[in-house]
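Chemist: Use the sequences and the hints to build the structure in full.
The residues making up each chain are set out below.
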Amino acid sequence: MSKLDLTRRGVIKSGAVAGAGLALPTIFTASSAAAYVNEPTGSTVTLGFNVPQTGPYADEGADELRAYMLAVEHLNGEGDGGMLNTFSSKALKGNGILGKKVEYVTGDTQTKPDAARASARSMIEKDGAVMITGGSSSGVAVAVQALCQEAGIIFMAGLTHSNDTTGKDKKANGFRHFFNSYMSGAALAPILADRYGKDRKAYHLTADYNWGYTTEEAVRTSTEAMGWETVAAVKTPLAQTDFSSYVAPVLNSGADVLVLNHYGGNMVNSLTSAVQFGLRAAQANGKNFEIVVPLYSRLMAKGAGKNVAGIFGSTNWHWSLENVAGARYAGTNAFVKSFGEKYGFPPSQAAHTTYCQTLLYADACERAGTFNPCGVGQALEGFEFDGLGNGPTLYRAEDHQCFKDVLVVKGNENPTSDFDLLEIVDVTPAAAVTYDASIFGGELGSCNPGA
Amino acid sequence: MDQIILQILNGLDKGSAYALIALGLTLIFGTLGVVNFAHGALFMLGAFCAVTLNRILSLSHTVIDETKKDFLGNPLKVEVPYVQGWFGESTGQAIIDWSVPLAILFTIPVMIAIGVIMERGLIKHFYKRPHADQILVTFGLAIVLQEIVKYYFGANQIPMNAPQAFFGSFDFGAMIGMEPGAIIYPYWRIIYFCFAAVLVGGVLAFLQFTTFGMVVRAGMADRETVGLLGINIDRRFTIMFGIAAAVAGLAGVMYTPINPPNYHMGMDFLVISFVVVVVGGMGSLPGAILAGLLLGILESFASMRQIIELLPGINQVVIYLAAIVILLTRPRGLMGRKGVMED
Amino acid sequence: MGILDVKDVGKRFGGLQALGDVNLSVQENTCHAIIGPNGAGKSTLLNCLIGKLIPDTGSVMFDGQSVLGRNPYEINQMGISRVFQTPEIFGDLSVLENMMIPIFAKRDGSFKLDAVSGFLSHRDVMEQAEEMLVDMNMADKRHMHAASMSRGDKRRLEIGMCLSQTPRLLLLDEPTAGMARADTNNTIDLLKQIKEERDITIAIIEHDMHVVFSLADRITVLAQGTPLVEDTPENIKGNPKVKEAYLGETQ
Amino acid sequence: MLGLNKKDTSLLVAVALLVALAPIILNPFPEGSALAQFNAGYPDLMQRFVIFGIFAVGFNILFGLTGYLSFGHAAFLGAGSYAGVWMLKLLTINVIPAILISTVVAGLFSILIGYISLRRSGIYFSILTLAFAQMSFALAASVLTPITGGETGLQTALDDPRILDGANTTGNIPAPSLFGMEMSDSLQVNVAGWLWTFNVGYYLAGVILLIAFYVAIRIFRSPFGLMLRAIKSNQQRLTYTGLNTRPYMLACFVISGMYAGLAGGLMVAMDPLAGAERMQWTASGEVVLMTILGGIGTLIGPVLGAGLIKYFENIFSKINSNLLHEWFAFLPDGLEDFVVAIIYPFIGKGWHLTLGLMFMAVIIFLPGGLVELGQKIARKMSGKSDDKQTKSTE
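Chains as they are written, first to last, in our numbering: chain A, 1 to 451; chain B, 1001 to 1343; chain C, 2001 to 2251; chain D, 3001 to 3394.
You may find that some hints are simply not true.
[Claimed, not checked] Derived coverage of chain A by chain D (criterion: at least 3 residues anywhere in the stretch with Cβ under 8 Å from a Cβ of chain D; other residues may be distant):
no., segment
1, 52-61
2, 88-102
[Stated by the list, open to error] Anything over 12 Å on all C-beta distances counts as not near chain A; from chain B, calculated:
no., residue
3, 1013
4, 1106
5, 1131
6, 1211
For the record, the hints were derived by calculation from the structure and aren't laboratory data.
Values in this document were obtained by computation on a predicted structure and should not be read as measured data.
C-beta atoms are modelled at their ideal positions from N, C-alpha and C, and glycine is treated no differently.
Modeler: Right, dumping it as structure tokens:
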């Protein structure tokens, strides 16, 4: 990395503090003069990038971090500007946010709610971060989102797919760009019915935790609405590594589709087992046996290797989207170009969503004219935008969930490289995956500026 | 009925992986009296020996293919492995295809070397130290090994394929005279089970029928006396550690086509393998194997849909529940000796 | 009726009859030795007395109460203290702490949750422990790490710990086994002194005739799991049966 | 003082001073300076130091005194946490009932597990405790989701009843508080570039640590503590001395479990979330490591060990390459990149590597843990070299 990339935080910040150092002791921050927590007073603003750096999702976290650093570069007017050039809102000028240079701190969530909160709290209490973003699991997202609500900080969720994040556990200070289980189900069902027929019998293997439950429910509901029948749904422990005993009975269960409601290592291992047991090549009820993975990511596909070939799933975004589906998804190529030139490979969907979240936050601050979480929240609520690679998108006010088209992908039969493991099959329009905000319960509460 | 046979097969398969790791742990505990928390890491290192060999065999030079484009729209760079250049495309391809079995030959010397270095360089200084110290130092070592692997290979899983010839599954049920399609089982898992059986048999036979093995067994029973007889038991123990490391490594190599390896796979097995060793009885080799297979089968049965429906969550806890019941009814595990690790 | 009455005690291990119909009675304030060649069943008998083993047949009565089926700590609380073949002390603790534990056990019973009071509020225990250390000639070693003492001192400490409970019966299991001559003589002197100064019943299991004849008032000779004779030391010395049992061993 | 001897009194006073002045001591570098990254004096980390200190002190009462190595102690921390959050949800946002109930629930839970596990000793005991904890973890993360919140964790919510508190009208979930003082409230003092944060929650936890530490000293010095050490030293002798080890062990196990529950209650009082992974074996392993690192069987050791591990976890994981470049910016370009490239694998995402190396280094060179290091330094300083000094238990 060249030295020009550096943000000389130390120097600048000490300058700022030298000025503030003489101020009177502030008594009880909760009732201090500041209008909101961690109001940036100097010439910089600090964002907190809280991603898994250790544990099984470390590679995904590393990709998120790359995207964050790229976004910071672009916000500060360095690099080629990436999606700033295609973003429909033109409030950002490449001079930081509200004229303040963007700096960042990083932390390790370890993909554990406790550790993620510790890391986020240190960013808030020690580093003065005004926004926290990142994460690679719903457990972490829900936990950190609640923390940010209490602390009076905006939380821009990273990769989190459970309905709960903007459903039962939604918070006024939290926002999610990524899609969710419901949308996966709604997007997949019509295409599955189209390709595999309406007379199908599905067998679900479901990771035994919150995300697994919501995903199973979403896929079941939407496929059953298409006429599929659910033969069985078996819960598998999150810590399971060998899925043979779960996969082996599937073939003789009367089912002809296996749905793997698994993510990460669970998905890689269960899919590998399923292919080993010959499910891909098998016939059942006079049809070809099929496997479906509701949530795909490129890194998982890489882990499962050639086992993903021909297997359907959904994803939030893919780097080939604009080339395959046209200019509606403008921004994709701009982002892939600036990311690819900097790092040498195309970005993952986790990188994309975190990059978008950073830009969306910055843009909301600009439009609101403040970093105050309440102002920023208001600017994001109901915000309609385009040019961030997903086509026209709405940040719905009722639950702070983004609504955009959902990609249905399948494993590439003949990949030309490690990055070409998925191919886009179809794109389900946003209207088809939109649901009523009240169906998952939960309350946003009111925005908390922390002061 | 076919469901039950299927789950017994699954259990034996899973159990053989447990048994192999537990066997190595027991060898180290039995011979050296050391609680080795880095044993899972040795399993992982073995798996990554296979990955490394695969990488070496696939070392490539790039050829630019103008007809295809990469993600940035530039001409695609196609990687062509050197072995394909040297041996021709089909032979080269076959060599890469067979990298996992080939890795066995590569792994044995590497893992023995790692084991010997580990024992001479670190473990031997901890023979007289409390078990708590051994746990801490080997746990620290496990983290270090794991992080080094993560640094070079990343945190993501790395797909490894069995040779094409063993890809897919076959009709095991038809072979044993059941109706076709009742029991479909993957080739590689059967191979893994047989491999484990051969390895276990080999280690046991080695201990049973060679002078070396007899001395080591005598040393396991009574280290001081054997030492008094003027036999250099230390050197033999070093070799034993090397063998235990190689057993763990081979278990890892052969496991790669079953589940794609990642740096964390050793930790995933660590707790379960300790449970297996203790349930089998500390220091008992047959106990470790028996317990491994038993727990594997129990785990498989507990994952049956009919049983989960009856007892939700049983698949999450069955191994621990079994361990508790066995330890309460048989104070020293299935085949444990008296006085080992009881204080 | 003695203080300890063993009636018809038998014990089998698989096919081996370790003890068969042992009858024996230890009289109060005497020193009763049980001797016999290796494998005669001495240790098995002892283990039956202190609750470690339960005999298959017969009864063991201490002061009119059965000890069978009781836990070792209960038997101790009845008034039987035991000295082991290899000194069993608390090696990680100081000598003084070693001495305090039996006194606490005597005073407070088998369990008392006394988790917050310091030793200073147990002056009586401290004083008794200090006194016993003086009696045992170990006062200067009171802050030593018990494990770092010589074997003779460990034995002395162990005997002191047992005596500090003022037991009614003191069981000694080969108290001089593995000791150098000097340590053995010291131990004999110590035991003699104890015998003279305290109202105490001693049962001793011993291999070393020198020790036995220096201490015992009565001797039971055990051979192949059954008592051969029981008599005074003088009579035992000349008994041909005893000689035969011992010679039989040396063949 | 307080029924302690002089040495223990001075230890307690020293700990009290450290706790009281931690916000200042832990922030040795001025705000904004390059080394400010190493400051640990912010509320969250200080709270963690203290809470894990309590956890480790309690664990040491079991492991250090009796030598029984429980590999499932995190289960009690987790059970306490869940109980605490439920109190915050159902009863009142005041933390006192939550902390009390956490301790009690963990105590009851440890009676159950201890009663069964203590039938075995040595590694068989360790595996029994491990098995119970792993079962608790697995069930809490899956089938018990309605009670535990599953993998996401149990949190407070807007619509919680909180029957002792009045109706909530703010539209925000109330933060845990002590009679109106919120745990997150802080007094910030800015003195000539140094920023000191005096946090309510930290001081509450700190006071509780002092009480817990004081009780631990009393236990170490009591007849009960003596019996526990005797169990570690020679269980057979103890039985033949007329003492029943079972109730002693069980009482010790339960006290130790209650310390863990207290720590769990404090954790949710500071931050009202209880996650299942708090019960996982890795969490149990962590407290074992803390105790060994600090010094088994010593009073202050576990607190130091807890501090060291939490410091690594929270400070080293946050250093990134950007910061490294900043620190070494004074070097010539090539050298700077070289130095950064060498250090980089050990920080940020590589902090586990540093932790592993540290475990190995401490255990190889300092078998007695950090306390031994302290004793060595103290001996060097006073110029004495009395090797024969018996191992004391400070």
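Chemist: State for each hint whether it applies.
Modeler: Hint check:
1. With 4 residues carrying a beta carbon less than 8 Å from a beta carbon of chain D, the segment 52-61 of chain A meets the three-residue requirement, and the given coverage holds.
2. Closer than 8 Å: that is the beta-carbon criterion, and the segment 88-102 of chain A has 0 residues meeting it against chain D, so the requirement of 3 is violated.
3. The non-interface label for residue 1013 of chain B is inconsistent with chain A: the shortest C-beta to C-beta separation is roughly 6 Å, within 12 Å.
4. Listed as a non-interface residue, residue 1106 of chain B keeps its Cβ farther than 12 Å from every Cβ of chain A; the least gap is roughly 21 Å.
5. Annotated as non-interface, residue 1131 of chain B keeps its C-beta farther than 12 Å from every C-beta of chain A; the closest such distance is 26 Å.
6. Listed as outside the interface, residue 1211 of chain B is consistent with that label: its C-beta sits roughly 39 Å from the nearest C-beta of chain A, beyond the 12 Å cut-off.
Checked against the numbered hints given earlier, the structure breaks hints 2 and 3 and satisfies all the rest.
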